[in-house]
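Under the UniProt record's numbering, residues 1 to 347 are what the sequence shown spells out, in order.
Don't read these hints as lab results, they were simulated from the structure. Treat the hints with care, as some may be off.
In silico DMTMM-like pairs for lysine to aspartate or glutamate, Cα to Cα no more than 25 angstroms straight-line [said to hold, decoys possible]:
| id | residue 1 | residue 2 |
| --- | --- | --- |
| 1 | Lys219 | Glu335 |
| 2 | Lys219 | Glu175 |
| 3 | Lys325 | Asp278 |
| 4 | Lys325 | Glu247 |
| 5 | Lys59 | Asp160 |
| 6 | Lys219 | Asp254 |
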Amino acid sequence: MFREAVFGLILAFLVTCIILQEKRFEELDSAHSHLWNRIEELTQANQNLSNIVHDSSKKVAFTAGTSGAGNIGTGSTIAFPVVINNEGGGYNPGTGVFTAPTSGQYVFFVSAQGYGSNTLYVSIVHNGGAKVMTMSDGGRGKDFYDSGTNLAALNLQQGDTVLAKCQSGSSYYSEGIPITTFSVACIILQEKRFEELESEHSHLWNKVEDLTQNGSLNKVAFTAGTSGAGNVGTGSTIVFPVVINNEGGGYNPDTGVFTAPRSGQYVFFVSAQGYGSDTLYVSIVHNGGAKVMTMSDGGRGKDFYDSGTNLAALNLQQGDTVWAKCQSGSSFYSEGIPITTFSGFLI
Numbered sequence: 001m002f003r004e005a006v007f008g009l010i011l012a013f014l015v016t017c018i019i020l021q022e023k024r025f026e027e028l029d030s031a032h033s034h035l036w037n038r039i040e041e042l043t044q045a046n047q048n049l050s051n052i053v054h055d056s057s058k059k060v061a062f063t064a065g066t067s068g069a070g071n072i073g074t075g076s077t078i079a080f081p082v083v084i085n086n087e088g089g090g091y092n093p094g095t096g097v098f099t100a101p102t103s104g105q106y107v108f109f110v111s112a113q114g115y116g117s118n119t120l121y122v123s124i125v126h127n128g129g130a131k132v133m134t135m136s137d138g139g140r141g142k143d144f145y146d147s148g149t150n151l152a153a154l155n156l157q158q159g160d161t162v163l164a165k166c167q168s169g170s171s172y173y174s175e176g177i178p179i180t181t182f183s184v185a186c187i188i189l190q191e192k193r194f195e196e197l198e199s200e201h202s203h204l205w206n207k208v209e210d211l212t213q214n215g216s217l218n219k220v221a222f223t224a225g226t227s228g229a230g231n232v233g234t235g236s237t238i239v240f241p242v243v244i245n246n247e248g249g250g251y252n253p254d255t256g257v258f259t260a261p262r263s264g265q266y267v268f269f270v271s272a273q274g275y276g277s278d279t280l281y282v283s284i285v286h287n288g289g290a291k292v293m294t295m296s297d298g299g300r301g302k303d304f305y306d307s308g309t310n311l312a313a314l315n316l317q318q319g320d321t322v323w324a325k326c327q328s329g330s331s332f333y334s335e336g337i338p339i340t341t342f343s344g345f346l347i
């Protein structure tokens, strides 16, 4: 009887051990499955991050020009067949159309050299809509030459198109080294959805934070203009109320002042179309100090128009202010598609 009881206890113990062992195996199998899932998630997150790093290394930029004088009809796209650079392959020299290979913030620049007996207007057109315009006032004499330039910072989606269009006039001039040109640079690629990259792996997360802090995900760019002729007093800030783009919200169209939302290297561009009986000087001002200046020599006749442009690369701290100031003169000119413009972007 005693032996049977001992045997029963041993058997019960063995059964309990087997049950506990099976449960332990189930727990280990579940833990293994969970660990494997986490490894797969981490692998996918690593791949996504690698894709982001790869995307951020993509370059999109082109410069193209014309090699001689030409004529084009009003409303036509200007083709620039002399390709100087076409990184990313977005520009088509046969059609003159740039197609964005990736989404992001782009900066476009056009320089149009007018000549002859008409005034040449050239616009930068995004998906069919004219954004800013140049004016080359060559309408006063057979041998008169005048340059018009302008710049626009635009937010493009993949597949968007941008071109230079003859709004009015017909004759443009260039030489073997192009004078009439069209250029673009992608300054910031559109950020990916980082909420999809959730992972507890600290090394990967630190890389994501580094990308953010280094500015690859912080977009700051603006272009604004005036929609008609105006007068401003010497020493006054020029206000550009027509906002074409204001990524990051740094530009105030009521005051004309840009306030840096973050520290970094910025590029600013101003195009001032002077007219009338005085010479217009417009400066780019950083925290109260004038850095560069345009000159529009409209002092030779009542109906004389002249464009002045300039650009400055500035190192800004968060909260720094930049604006366009009338240093001297008073009258500036623009139209419904802005000619007198102010732009800036973080690089």
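So which of those numbered hints doesn't the model satisfy? Violated hints (numbers, rising): 1 and 2; every other hint is consistent with the structure.
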